[in-house]
Amino acid sequence: MAFRMPQLSKSVIPMMDRVLVQRIKPMQKTASGLYIPEKAQESLNEGFVIAVGKGLVTSEGKVIPSELKQGDKVLLPAYGGSAVKVDNEEFILFRDSEILAKIE
Amino acid sequence: MAFRMPQLSKSVIPMMDRVLVQRIKPMQKTASGLYIPEKAQESLNEGFVIAVGKGLVTSEGKVIPSELKQGDKVLLPAYGGSAVKVDNEEFILFRDSEILAKIE
Amino acid sequence: MAFRMPQLSKSVIPMMDRVLVQRIKPMQKTASGLYIPEKAQESLNEGFVIAVGKGLVTSEGKVIPSELKQGDKVLLPAYGGSAVKVDNEEFILFRDSEILAKIE
Amino acid sequence: MAFRMPQLSKSVIPMMDRVLVQRIKPMQKTASGLYIPEKAQESLNEGFVIAVGKGLVTSEGKVIPSELKQGDKVLLPAYGGSAVKVDNEEFILFRDSEILAKIE
Amino acid sequence: MAFRMPQLSKSVIPMMDRVLVQRIKPMQKTASGLYIPEKAQESLNEGFVIAVGKGLVTSEGKVIPSELKQGDKVLLPAYGGSAVKVDNEEFILFRDSEILAKIE
Amino acid sequence: MAFRMPQLSKSVIPMMDRVLVQRIKPMQKTASGLYIPEKAQESLNEGFVIAVGKGLVTSEGKVIPSELKQGDKVLLPAYGGSAVKVDNEEFILFRDSEILAKIE
Amino acid sequence: MAFRMPQLSKSVIPMMDRVLVQRIKPMQKTASGLYIPEKAQESLNEGFVIAVGKGLVTSEGKVIPSELKQGDKVLLPAYGGSAVKVDNEEFILFRDSEILAKIE
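Residue numbers (this note's numbering), protein chains in the order written: chain Y, 1 to 104; chain E, 1001 to 1104; chain U, 2001 to 2104; chain P, 3001 to 3104; chain S, 4001 to 4104; chain R, 5001 to 5104; chain V, 6001 to 6104.
These aren't lab readings, by the way, just hints derived from the structure by calculation.
One or more of the hints may lead you astray.
Stated by the list, open to error - Only pairs whose alpha carbons sit at most 20 Å apart, straight line, appear in this in silico SDA-like list of lysine to any residue:
id, chain 1, residue 1, chain 2, residue 2
1, Y, K10, E, K1025
2, R, K5069, P, V3063
3, R, K5054, P, E3060
4, Y, K85, E, G1055
What the hints assert, rightly or not - What the simulated footprint calls covered on chain R by chain V, stretch by stretch (three residues with Cβ under 8 Å from a Cβ of chain V suffice, anywhere in the stretch; the number is not a length):
id, segment
5, 5016-5029
6, 5049-5059
7, 5063-5074
Backbone N, C-alpha and C fix where the C-beta goes; we use that ideal spot for every residue, glycine too.
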């Protein structure tokens, strides 16, 4: 699945070491166009990074930028994050260190 | 929605890394002027920054100023913050690091 | 409401980063002199700083003085602090960092 | 009430940043010599410092001496501390930072 | 049991000090080819390291690489880690410091 | 009560900032030799230091030796410590910082 | 009881500041060869160090080697540690700082 940057009416700038993530929705149709019943849809812990904060501010005031950048495909933890709604689309804000892995 | 700086009879100076935020109230009328029943009003996790403290004081006594400034529109966490009342208007004081994101 | 320094028979010197605060009592009479029933009295989270400790001692032994000084009007958190009684007047001792904001 | 140094058969040297405190007992007689019933005796959160440890040892091995010294009258927290008995007299050991304030 | 690198359609890059581990499945057949009933299969707390993050980022922004590398056989803790599924194979992401030991 | 160094068949070397303590047993006879019933025996929070570890290892690898030494009489906290048995005698291992005070 | 190094088919290298310990089993026979019933066997909190990790990695990336080495006889805490099985023998992995004391 390719990255589709959501076209939002406003730009969201995560604070500090937060990243804005959009969870990939499970496939709702098969390749041949048949609808998959909701129960059979596989829940995915994958998402795309939509925006990245400037980085973690250490106790000495130094900024540590994230390893992540816009468009990165990531593995998300099963719990955590703060759900937010922008332009009626759902996003999650995670601390950079909560993201499990990048997928390439 | 544009930022309207509340005209308070006194100025509130948040301590340290705190920011004073006013939550944006959900729309109570439609564009055509009809009243929206309270249940149908969408709860918003957005607010405006009204005042910003001088910054986080590190364990070495260094001050780290906030990324935020007066008038910034922000995404607020679902929980946390200290509710206060000034001139009968409601505000919330958050630690700078609790604010999820800036919206532009 | 103007600051009235309580005339105590002894001086109280808060330890470290503590501040001694006297909560502002809700008005008990109207401007015209009528008594307000206790239930109708508005609870206030405001107080005056009566005394300030020498400051936070960092893990390196450095002292970080408080932003607050005697006579400052402050916004108090809904919880926390240690209630003490001096000369039968009630006070609260807060850590400096627990005070939400200064009001001017 | 003046400070009366208890005459102990042995000297107690608090470890690190601990202070040995003797709580001031509520008055049991009126000035004119009448006994005050126990219920009417006012509970006091005041005490005298009997002995002071050498100070807090920081994570770098530096010693930060206490602000307190033998004979200081102090305001005690409602909870905390370790009760000990020496020569059948009761004392409390507090961490230096638990003491609320000095009274002069 | 020799290390078999799973052939995944995408590469998973653990974030920070995380390591991607594949748990060794208990033997299902005896050496002579008989099936072992599921209850008699021994549960193993061993796994192979599939991928290693760039390392722990200290509070000063320094990166501390892991002691582990791809192909290492490791002892896993009984609890913890985040289960993920890639190409329908099951993996676990651990913080580097959660891994108990290397086996050689 | 004078310090009696227990004659153990092996030497116990506490790890890091631990100290090995032997609790002083309450007197079981009066001075004139009468047995005191167990209920009337006073529980003592006093003990003797039998052995001292090399000291606290700071997060920078520096060793901070204990204030205590073999033979010191100490005030013990009511809770905490790890009970151990050596040569059928009971001892307690405390972190150095848990010991309340030295008695001289 | 002398140290008997277990002959394992593989070598176990504890991660970081972990140590691999084998608990000493309580005596099952008397000196004269009589079996001791299981209830009468004394539970021992003693063990031998089988392997030691390279040491604690500080927040600055410095390695602090353990005070312990292979063959050391140690006092173990009543709780904690991670039980593992290697070649059907039982071992426990402790953080270096959990070990109570060395016995010589």
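Checked hints:
For a cut-off of 20 Å, the pair hint linking Y/K10 to E/K1025 stands: about 19 Å separates their Cα positions. Taking the CA atoms of R/K5069 and P/V3063, the gap is near 19 Å; set against the 20 Å cutoff, the hint holds. The suggested pairing of R/K5054 with P/E3060 holds, with an alpha-carbon distance near 16 Å, which does not exceed 20 Å. With a C-alpha separation of about 28 Å, the suggested pairing of Y/K85 with E/G1055 is violated against the 20 Å cut-off.
Coverage of the segment 5016-5029 of chain R by chain V holds. Counting CB-CB distances below 8 Å, 3 residues qualify, and the rule asks for three or more. Here the segment 5049-5059 of chain R counts 5 residues with a CB under 8 Å from a CB of chain V, which clears the bar of 3, and the coverage holds. Coverage of the segment 5063-5074 of chain R by chain V is violated. Counting CB-CB distances below 8 Å, 0 residues qualify, and the rule asks for three or more.
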